[in-house]
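Counting from 1, position 21 in the sequence shown corresponds to residue 21 in the numbering used here; the numbering is continuous, with no gaps.
Keep in mind that the hints are not guaranteed to be accurate.
35 Å max Cα-Cα, derived DSBU-like pairs, lysine-lysine [to be verified]:
1) Lys88 with Lys65
2) Lys88 with Lys28
3) Lys89 with Lys28
Keep in mind that the hints were calculated from the coordinates and are not lab data.
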Amino acid sequence: MDFLHSFLVFLHILGAAIIVGIWFARIKNPTVLPGQFHAALLQLVTGLALVALNEMGDGDVNHLKVGIKLLITLVIAVLAFIGQRRYKKDEPVSSGLANGVGILAIINIAVATMW
1 MDFLHSFLVF LHILGAAIIV GIWFARIKNP TVLPGQFHAA LLQLVTGLAL VALNEMGDGD
61 VNHLKVGIKL LITLVIAVLA FIGQRRYKKD EPVSSGLANG VGILAIINIA VATMW
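Construct all of the structure, not just a fragment, from the sequences and the given hints.
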C-alpha cells in the first residue's frame, strides 16, 4: 500500500510539473497545449485516488482542503480543455485563458504545500 501511495503522489506531482512546465515554456506566447489538459486529468484522477487511499487507511483527510483543491483542479481541467480544443483547431487561445491554467496550477501547488 505504501508503494501505491508513493506512486500516486509521484504521478500527481508529475501532472503539476507538466502543467506549470508547459506554461513556463510558452510564457512569451501563452497558449494551452493538449499535454496540459492530459496533465490536469492526471492530477484529478491521482488526487481522487490519494483521497480514497487515505480514507480507506489510517490517514487523516482534511475535507475542506481536498474540496478546495478539487474545485481548483476542475477549473484547470475545464480551462485546459477549452484551450487545447482551440489550439487543435488553430484558433487563437487568449493569454488570459492560458495564464489562468498556469496560475491556478501554481495556486493549487501552494494550497497543497502550505496548508
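Q) Do the alpha carbons of Lys88 and Lys65 lie within 35 Å of each other, as the hint requires? A) 34 Å, holds
**Q.** Straight-line alpha-carbon gap Lys88 to Lys28, limit 35 Å
**A.** Holds. Lys88 to Lys28 sits at ~19 Å (cutoff 35 Å).
Q) Within a Cα-Cα threshold of 35 Å, do Lys89 and Lys28 meet the stated pairing? A) It holds: about 21 Å lies between the C-alpha atoms, which stays within 35 Å.
Of the numbered hints listed earlier, not one is contradicted by the structure.
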